[in-house]
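Chains as they are written, first to last, in the working numbering: chain Z, 1 to 289; chain D, 1 to 460; chain P, 1 to 233.
If you are wondering where the hints come from, they were derived from the structure by calculation, not from laboratory data. Hints are not guaranteed to be accurate.
Said to hold, decoys possible - Between beta-carbon pairs, the in silico distance windows are:
{"#": "1", "chain 1": "D", "residue 1": "326", "chain 2": "Z", "residue 2": "35", "range": "45 to 51 Å"}
{"#": "2", "chain 1": "P", "residue 1": "102", "chain 2": "Z", "residue 2": "116", "range": "46 to 52 Å"}
{"#": "3", "chain 1": "Z", "residue 1": "207", "chain 2": "P", "residue 2": "192", "range": "27 to 33 Å"}
{"#": "4", "chain 1": "D", "residue 1": "139", "chain 2": "Z", "residue 2": "30", "range": "16 to 22 Å"}
{"#": "5", "chain 1": "P", "residue 1": "164", "chain 2": "Z", "residue 2": "65", "range": "51 to 57 Å"}
As the list claims (entries may be wrong) - Some but not every residue of chain Z turned toward chain D, in silico, with C-beta under 10 Å:
{"#": "6", "residue": "25"}
{"#": "7", "residue": "187"}
{"#": "8", "residue": "195"}
Think of the CB as a built atom: it goes at the ideal place given N, C-alpha and C, for glycine as much as any other residue.
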Amino acid sequence: MTDQPDVLAPLAQPAAPAQSPISRRTLLKAAAVGVPCLIGGGAIFEALSALTSTPVPTVDPIVANYDAAAHRWGFVVDAVACIGCGKCVVACKTENGVPLDEEHTRTWIERRTVTTAGAVIVQSPEAGSYGFEEAALPIAAADVAASQFVARLCMQCELSPCTTVCPVGATFRAADGVILVDETRCIGCGYCVVACPYGARYLVPAGARTPTGVAGVADKCTFCYHRVTRGQQPACVEVCPVQARKFGDLNDPASEVSVILRDRATRVLRPELGTKPRVHYLGLEDRLA
Amino acid sequence: MILVRVHGRPVPLDPRHAWRAILTDIAAMPRALKGWLLFLLLLMAIGAIGAVRALLPGDKGIATTPTVEWGLLIVGYVFFAITTSGLCLASSLGTVFGIDRFRPLEKRHAVLAVLCLVTAFGVIALDLHFPVRMVFGAVFNPAPASPMWWMGVFYAAYLGSLLVEVWSIFWHHPRIHQWSCLSSSVIAVFAPLTLGAVFAVLEARAFWHGLFTPLHMVAAAYVSGVAVLAIVFYLVGRLRLVGWERGVAVAQPAIRGLLGLGLAVLSLLVALQLFSGLASSDAGLSSATRLLLTGPLAPEYVGVRLVSGLTIPLLLIALPRTRTPRGLLVAGLLAIIGVFVDRLTFVEAGQLAPVTTVSGVVSAPFAAYSPSPVEVAIVVGGIALVAFLYTLAERYLDLSESEAHVMIWMPRWAIYGFATAASVARRAAGALPRFRLPRRRPAVTVDEPTGADGPAEAAD
Amino acid sequence: MAARRRSRLGTRRRAASRALRRFGRRAVARTRANIVRLRRPALVVVGVIALATILGVGAFAASGFYGQYGAPRTPVSVRSWQLRPASYLASDCRGCHSDAAAATTGQPHARLLCETCHVPSVAHPGPVTGVVQMLPATDESDCVVCHAALPGRPVDFSQVAVDVHYAGAECLACHDPHTSTAVKPREVIHPLAHLPPCATCHTPLGLKAYPANHEPAPDEVCLACHRVGAGGS
Numbered sequence: 001m002t003d004q005p006d007v008l009a010p011l012a013q014p015a016a017p018a019q020s021p022i023s024r025r026t027l028l029k030a031a032a033v034g035v036p037c038l039i040g041g042g043a044i045f046e047a048l049s050a051l052t053s054t055p056v057p058t059v060d061p062i063v064a065n066y067d068a069a070a071h072r073w074g075f076v077v078d079a080v081a082c083i084g085c086g087k088c089v090v091a092c093k094t095e096n097g098v099p100l101d102e103e104h105t106r107t108w109i110e111r112r113t114v115t116t117a118g119a120v121i122v123q124s125p126e127a128g129s130y131g132f133e134e135a136a137l138p139i140a141a142a143d144v145a146a147s148q149f150v151a152r153l154c155m156q157c158e159l160s161p162c163t164t165v166c167p168v169g170a171t172f173r174a175a176d177g178v179i180l181v182d183e184t185r186c187i188g189c190g191y192c193v194v195a196c197p198y199g200a201r202y203l204v205p206a207g208a209r210t211p212t213g214v215a216g217v218a219d220k221c222t223f224c225y226h227r228v229t230r231g232q233q234p235a236c237v238e239v240c241p242v243q244a245r246k247f248g249d250l251n252d253p254a255s256e257v258s259v260i261l262r263d264r265a266t267r268v269l270r271p272e273l274g275t276k277p278r279v280h281y282l283g284l285e286d287r288l289a
Numbered sequence: 001m002i003l004v005r006v007h008g009r010p011v012p013l014d015p016r017h018a019w020r021a022i023l024t025d026i027a028a029m030p031r032a033l034k035g036w037l038l039f040l041l042l043l044m045a046i047g048a049i050g051a052v053r054a055l056l057p058g059d060k061g062i063a064t065t066p067t068v069e070w071g072l073l074i075v076g077y078v079f080f081a082i083t084t085s086g087l088c089l090a091s092s093l094g095t096v097f098g099i100d101r102f103r104p105l106e107k108r109h110a111v112l113a114v115l116c117l118v119t120a121f122g123v124i125a126l127d128l129h130f131p132v133r134m135v136f137g138a139v140f141n142p143a144p145a146s147p148m149w150w151m152g153v154f155y156a157a158y159l160g161s162l163l164v165e166v167w168s169i170f171w172h173h174p175r176i177h178q179w180s181c182l183s184s185s186v187i188a189v190f191a192p193l194t195l196g197a198v199f200a201v202l203e204a205r206a207f208w209h210g211l212f213t214p215l216h217m218v219a220a221a222y223v224s225g226v227a228v229l230a231i232v233f234y235l236v237g238r239l240r241l242v243g244w245e246r247g248v249a250v251a252q253p254a255i256r257g258l259l260g261l262g263l264a265v266l267s268l269l270v271a272l273q274l275f276s277g278l279a280s281s282d283a284g285l286s287s288a289t290r291l292l293l294t295g296p297l298a299p300e301y302v303g304v305r306l307v308s309g310l311t312i313p314l315l316l317i318a319l320p321r322t323r324t325p326r327g328l329l330v331a332g333l334l335a336i337i338g339v340f341v342d343r344l345t346f347v348e349a350g351q352l353a354p355v356t357t358v359s360g361v362v363s364a365p366f367a368a369y370s371p372s373p374v375e376v377a378i379v380v381g382g383i384a385l386v387a388f389l390y391t392l393a394e395r396y397l398d399l400s401e402s403e404a405h406v407m408i409w410m411p412r413w414a415i416y417g418f419a420t421a422a423s424v425a426r427r428a429a430g431a432l433p434r435f436r437l438p439r440r441r442p443a444v445t446v447d448e449p450t451g452a453d454g455p456a457e458a459a460d
Numbered sequence: 001m002a003a004r005r006r007s008r009l010g011t012r013r014r015a016a017s018r019a020l021r022r023f024g025r026r027a028v029a030r031t032r033a034n035i036v037r038l039r040r041p042a043l044v045v046v047g048v049i050a051l052a053t054i055l056g057v058g059a060f061a062a063s064g065f066y067g068q069y070g071a072p073r074t075p076v077s078v079r080s081w082q083l084r085p086a087s088y089l090a091s092d093c094r095g096c097h098s099d100a101a102a103a104t105t106g107q108p109h110a111r112l113l114c115e116t117c118h119v120p121s122v123a124h125p126g127p128v129t130g131v132v133q134m135l136p137a138t139d140e141s142d143c144v145v146c147h148a149a150l151p152g153r154p155v156d157f158s159q160v161a162v163d164v165h166y167a168g169a170e171c172l173a174c175h176d177p178h179t180s181t182a183v184k185p186r187e188v189i190h191p192l193a194h195l196p197p198c199a200t201c202h203t204p205l206g207l208k209a210y211p212a213n214h215e216p217a218p219d220e221v222c223l224a225c226h227r228v229g230a231g232g233s
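Please put together the full structure from these sequences, using the hints given.
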């Protein structure tokens with residue numbers, strides 16, 4: 001037993017220190033030069049790419065004179081009046097160049113049905129863009145207790161989770177309350193997509209239709225920002241045949257949305273999350289919310 | 001001319017000489033090693049194909065949808081990142097606190113940690129659509145409100161600290177090594193907490209929200225790191241790699257203890273999480289928990305994660321019959337597969353079970369996600385890359401223990417306090433009824449005089 | 001001073017012998033040999049406090065002020081929305097299409113945009129790549145999308161069960177979408193018993209000359225529209 005090495009004892013001889021081919025001084029010098037070079041080079045690269053990417057366009061004078069701080073945009077969806085025709089979805093996809101498929105959409109229509117047993121069935125075939133004719137209810141007509149069409153879009157929350165969690169600050173809130181995405185800064189991590197409690201966001205897939213010309217960045221309803229800055233209304237609001245979507249400036253007490261929010265009872269979706277959505281719903285039943 | 005020592009021989013860093021040295025060395029490799037490296041190269045080639053597909057513009061071949069935006073690549077990143085943290089957590093007992101039985105872990109954990117972290121960054125870079133923007137964006141546009149930004153900061157600092165640690169090991173700077181081990185161990189506690197916070201901050205995802213998630217991430221990190229060390233040290237013992245004597249005698253029992261402790265803590269957390277999830281009034285949380293236990297994810301979660309990932313390794317470690325190096329290997333393998341499946345089901349469950357509808361998920365109670373071949377190829381390639389580079393490290397680097405002891409100065413009463421607590425715990429464990437396997441009855445009973453039974457019973 | 005130092009040495013020696021008794025010579029020697037003291041333990045403490053402060057700031061920033069922080073930006077720096085032209089209401093349809101515009105005046109469809117049913121004016125006068133053409137102008141599917149009776153639609157909205165309403169006949173056969181009026185098919189005013197099939201005496205243009213050939217013709221086609229109550233619900 002004595003000639004066996006005592007494995008529990010610490011090693012007796014220290015190992016000979018290896019000769020480093022690079023001296024500490026050389027390494028420190030290289031680091032002192034190299035790291036600022038890297039950072040500086042990166043900054044120059046970023047500046048150059050920002051300058052050379054797209055030429056600054058000549059813009060409509062209305063856009064240049066738009067004062068975001070003077071407005072506070074509000075949106076009301078009338079869940080009683082909505083007929084679920086889906087023209088708003090078509091208009092949005094047309095106006096903004098959004099991909100045509102069901103999952104990648106800035107707005108969509110849901111039909112929410114509550115049965116007599118209390119179960120809620122939600123349907124949204126092709127985001128509602130072709131209407132709901134083909135979507136038969138899986139239950140008998142006698143079992144339907146209530147049914148409504150609920151238009152869904154970005155809530156432009158006042159306490160938005162999406163702007164909080166963006167690691168590079170690519171999504172931000174403008175002074176008029178609209179939340180926008182800077183497609184030159186977005187890295188496509190998808191954190192805002194999973195953070196949104198309303199499912200309003202998506203990453204733009206590669207394909208022919210990209211709202212900002214870039215695939216792989218986050219996208220969502222912007223209240224047709226290119227229209228509202230020119231004094232128009234969002235495309236979905238204009239197109240609706242029954243005026244179920246209403247848009248207006250809350251800073252103007254005479255606008256339709258101001259009157260509705262003041263005089264009628266509205267609700268928001270998922271108020272318990274504390275996101276303070278800016279989109280209000282008229283006439284949405286409790287059991288369907 | 002720069003000279004590097006390779007396998008004890010000085011080799012000039014001249015392309016011709018280096019090439020010749022590489023070829024000679026490959027020829028000198030044993031066949032099993034060549035086969036293993038070839039197999040890993042094949043897996044890495046598959047991973048490279050997937051990586052190229054993911055990097056090319058156009059359809060990246062990744063199966064994420066707006067409903068399930070975080071898929072297998074995020075899971076792979078989480079897995080590698082927490083394994084890295086766990087390695088430092090596990091070996092901090094040796095490097096920082098100087099406890100002797102954990103000192104064989106010193107060099108090996110550092111090499112493994114660097115490889116895992118670099119692979120983690122590679123996997124996440126393939127998932128991000130604009131990875132270069134991330135680096136500059138995080139530096140020039142800091143977002144302190146974003147947990148993901150903090151995660152980036154901490155893991156970048158962790159990478160720096162690990163690189164300094166590895167450098168100071170192999171170029172023998174004991175004081176720098178001391179400090180970098182300390183900083184790595186401290187960051188290794190906070191980094192998985194920030195990674196958990198990325199998930200835990202989201203109120204929209206009831207399954208991820210809450211304090212459990214960061215704690216679970218740290219516990220999973222610990223188990224994952226220790227499981228990797230268990231596998232590595234089994235191979236060290238089996239293949240008689242450098243430092244194997246103390247590796248088998250000292251490190252393996254120590255790792256077994258750590259793995260048992262980690263699995264016990266993790267099981268407790270998982271049980272708490274499942275019970276609170278089932279009893280919760282939040283529809284999202286309870287539906288996600290039901291998804292895991294009885295829904296589409298049940299086979300992976302209950303079968304692979306709970307039974308084979310927690311219960312069986314605990315039994316293998318606790319039962320005296322399986323307290324062998326091979327038992328430790330199997331426990332480590334099952335535990336690490338269990339951690340991977342756990343992170344996979346965790347990331348999936350938070351997204352497959354929405355409360356109110358989100359776009360696209362309206363006709364079924366749960367959404368569906370299955371990883372695409374590209375994602376599987378990238379993760380497999382990442383695992384193969386770590387294994388490949390670590391095999392080369394075992395072959396060409398001296399991974400034995402060094403004399404660079406590190407210890408936090410603790411007051412004497414603290415040292416004696418810990419040692420007393422450990423001995424009390426050991427004595428208490430000894431006082432527990434010992435688990436005995438029932439003695440098998442012989443097929444034929446032989447009548448023997450009582451005297452002959454004496455020595456046999458004493459040797460019981 | 002000297003007395004205090006002496007008593008401290010005594011404490012150490014006593015503690016050392018206690019350690020010896022408890023842990024054994026080898027363990028004490030190993031531990032002794034292994035201690036490499038950090039020169040400045042205060043730095044460790046400072047480092048931990050700094051880390052905790054950073055984390056605390058992060059947690060604070062992420063919690064109570066949820067949603068209010070993000071890198072400050074102004075819309076001027078986002079160029080893409082400036083480049084995008086407005087598609088809908090890009091031009092005035094009624095200026096040129098005055099007849100259709102006059103037809104809708106005062107009618108239920110007056111509150112619709114022309115582009116609700118027709119392609120957006122930016123696509124005028126023909127299909128433009130990139131513009132959605134999901135709803136071409138002259139198809140009956142246009143009418144059905146809004147006017148089919150579906151669960152969920154408000155009861156005061158004019159809707160019909162498409163298969164029952166005139167047996168699913170083409171909407172445009174009777175309805176004019178601009179004026180929203182309909183030419184109702186004339187209902188049968190005489191009893192049908194003991195009569196030959198409708199086509200015996202009738203043609204689509206009116207009554208036939210007497211006598212007609214006595215070939216049978218299916219009555220369901222005619223009666224689908226021309227019977228009492230053919231409008232359905």
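ask   = Which of the stated hints cannot be reconciled with the structure, identified by number in ascending sequence?
value = Hint check: 3, 6 fail, others pass.
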